[in-house]
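Fit chain B to the supplied structure of chain A, relying on the hints for placement.
Line by line, the protein sequences are chains A and B. If you're matching positions, the first sequence starts at 1 in the numbering used here and goes up one per residue. If you're matching positions, the second sequence starts at 1 in the numbering used here and goes up one per residue.
Calculated from the structure, these hints are not laboratory results. Treat the hints with care, since some could be wrong.
If several chains are the same, the list does not tell them apart, and a pair holds so long as it fits within one copy or across any two.
Within a straight-line C-alpha distance of at most 25 Å, the following computed SDA-like cross-link-like pairs (lysine to any residue) qualify [to be verified]:
{"no.": "1", "residue 1": "Lys2", "residue 2": "Lys212"}
{"no.": "2", "residue 1": "Lys421", "residue 2": "Ser383"}
{"no.": "3", "residue 1": "Lys167", "residue 2": "Glu213"}
{"no.": "4", "residue 1": "Lys421", "residue 2": "Asp382"}
{"no.": "5", "residue 1": "Lys421", "residue 2": "Phe388"}
So the chains spell out like this:
There are 2 protein chains.
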Amino acid sequence: MKGYKGDIVYAPLPGRLETLEDGYIFVGDDGLVKGVFPVIPEKYAGADIISYSGRLIMPAFADLHLHASQLPNRGLGYDEDFATWLSQYTYPAEHRYDDPEVAGRINARLIDELWQNGITRAVIMSSTSFTATSDLIGQFVKSGLGAYIGKMNSDYGAFGEPNESTKTSEKETLRLVELFGGMRGKVQYILSPEFIPCCSDEMLTFLGNLAKERGLPVQSHLAESPGDVEMVSKRCPADRDYASAYRRFGLFGQTPTVMAHCLYLTEEELHMMKQLRVYAAHCPHSNLNMPSGRHLPVKKLLEMGVPVGLGSDVAGGHTLSVISNMVAALQISKQLALDSPTLRPLTTAEVFYTATRGGGSFFGKVGSFEQSFAFDALVIDDSPLDDFTRRSVAQRLERFIYCGDSRHITQRYCGGVPVSKPS
Amino acid sequence: MKGYKGDIVYAPLPGRLETLEDGYIFVGDDGLVKGVFPVIPEKYAGADIISYSGRLIMPAFADLHLHASQLPNRGLGYDEDFATWLSQYTYPAEHRYDDPEVAGRINARLIDELWQNGITRAVIMSSTSFTATSDLIGQFVKSGLGAYIGKMNSDYGAFGEPNESTKTSEKETLRLVELFGGMRGKVQYILSPEFIPCCSDEMLTFLGNLAKERGLPVQSHLAESPGDVEMVSKRCPADRDYASAYRRFGLFGQTPTVMAHCLYLTEEELHMMKQLRVYAAHCPHSNLNMPSGRHLPVKKLLEMGVPVGLGSDVAGGHTLSVISNMVAALQISKQLALDSPTLRPLTTAEVFYTATRGGGSFFGKVGSFEQSFAFDALVIDDSPLDDFTRRSVAQRLERFIYCGDSRHITQRYCGGVPVSKPS
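Chain A extracted, bound-state conformation (with noise of 0.2 Å):
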């Protein structure tokens, strides 16, 4: 049993924040949150305390969406138009990362800098690569962060020639199953199709089953452009929509499920994703710098309980950032009112906590201090923000998240355990 004391915040319901000045967070040798407190309570009494006293503590964030093999391509080509954007930069960095060498330096950084940015929880499509996945699982398990990694499956060539035959891509992603499926810790394995267009009837037939067969989850990509709405209409006129040609093929909820962009949706697919609990990975950078549009009413899918959490969607977005995405989606959200009079905008606690709770919730109880949540948590100091002036924990919050950066988070854990720096 552990206690650590600092202003605590947290988010349990979108948009309920709570906070405590100079509290206390009990936490079990199991990892697990025991509860927050004003005072050391009787019974823990003699727990070791470790004192963050006038720092922050909170939930550490999750990034439900990212491309490990993308990660050289941030900040690159945004001026060109998407085909040449793919053709110049994202293929290319794909074909780098089959070099195991190369993988294993992109791998390594990509683990630092979520390190840094205090994201304890990825959801990560790799690349086609075998051998790349296999080893970004690995410096992953060794990281003490967790993720949930696949390889992904990309057999059908609906942008040129497809990325790898349907054969080899089966192959290869049995052979990850029967090496990681059975991992049920911080670190998993996930199916990962890319997205409709680019995957054969028989591929997502493929993934579907294995998904049933062995409980393992799924991630890909929904309506991100009006153009692949289109493309997937016409691959499969017989669905009622985008989201019921995934569900057809046993990869939209029958397993825990993350759809990333989710821009453009009818109202029909977002009450199928409520239902079914797939989770939407709001991109916010990335549909700013594609651009794919700022039409994820992500107000709308909080009230209506479709879970959602942010991704980076690295190299579509430039950062992994959590808190740059956070004030991006604010702010797409208060352009998307200015727009619809129907639509209110995001609050700073309702994007908190989809970058916590919401997104954490997709590995189990992660991303909130409530009882029995796995410890996932970032020490902020955020005394080089300070402005003269007395401010409250909710205040030093927002400060953080539109003011901060990863020099402010001076301590992370994950599962209830210090993660130092990777590398």
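Leaving out everything else, chain B in the frame of chain A:
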């Protein structure tokens, strides 16, 4: 004479990027650029060479609009409606800044953070306080950085009580102009009516006359929201538009003028700005946070020839980071282009131009490495952003804009002089 060796990049025209890997910039003892060369020219063979090999050398940034008194409010209260934000955050900060001791500390931090962010020239609306404004000017002169600074005039109660009486405002402004109005170096006085709704006709007339008599530059706000356009149209029914009202008072291009925001302008107003060389200070993060709107078509202004630079508008904007505002400007322009098929998005080279030569030219020949421009420069060590691939100077610039931060700026020059950390 000194030579600086490195990977040089600057934008002499909107969208035109000049790059030279491993080149030289020669700077005279007068602090002015003599030229950019691929090898050392014979005539400069004896000059000292300072090597920044492998680093980027680029023009330093200009910030055309910020409120010194509001520095402490960055990242606070952005969920609130505008009226609450003013009453709970803006005005209390304004009052605290009246205390000379508080103002001294805020001014010191402002200068330090401008330095950190590579901003060597800024247009600053201090506050209504005479003392705080004098202090800021004094501290700036010591810093070695450049700024046009003015006491805000705000004697008309558009939102409740006026901030100051007409008499006091005039008296204090005259006194400041006596003290500092003759300065013609890097630090100068700028007349600073808050905006028409918060200034009496007497005040506007007084300032217009003063501008003309003393040849002083002018800063104010223009068309930040439909609400203020409406207020001005009621206050000044005889004027064709907002810009014409300023012009009638002698505050629109009669002397060098910069107007913040410029979101809701007519074609006629844009043409007036072009014709009268009135600068638009585009404040992207502020426009998104408040939210004022995404309506400024910067690309169109550049193509028309309206002078345009970037502004942080702290604390409507949450950051002094020019590169963060550059990313927001690019993202806004992409949203605008999605909405309006006649508009095209900004390019990296164009937004880089606005942040350097675009805004810099308000201060004279500043913001470029063309001959006879002041050597205002940043040295960027972008090696931590390296992606294991050889990249061009233009690509490295884009990557620094999206992924860099103040940590990558290793040296700042203003007017040929290296500037060390102010505090």
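With identical chains treated as interchangeable, where does the CA-CA distance between Lys421 and Phe388 reach 25 Å or less: within a copy, between copies, both, or neither? Answer is between: at 21 Å across copies they meet the 25 Å cutoff, but 32 Å inside does not.
What label fits Lys167 with Glu213 when the C-alpha limit is 25 Å: within, between, both, or neither? within (19 Å within a copy, 82 Å between copies)
Check Lys421 against Asp382 for me: Cα-Cα at most 25 Å, and say if that holds within a copy, between copies, both or neither. Both ways: Lys421 and Asp382 sit 20 Å apart in one copy and 21 Å across, limit 25 Å.
Classify it for me, Lys421 with Ser383: is the Cα-Cα distance of at most 25 Å met within a copy, between copies, both or neither? Close inside one copy (22 Å) and across copies (20 Å); limit 25 Å.
Are the CA atoms of Lys2 and Lys212 at most 25 Å apart within a copy, between copies, both, or neither? neither (39 Å within a copy, 70 Å between copies)
In summary, the structure is inconsistent with hint 1 from the numbered list given earlier, while agreeing with all the others.
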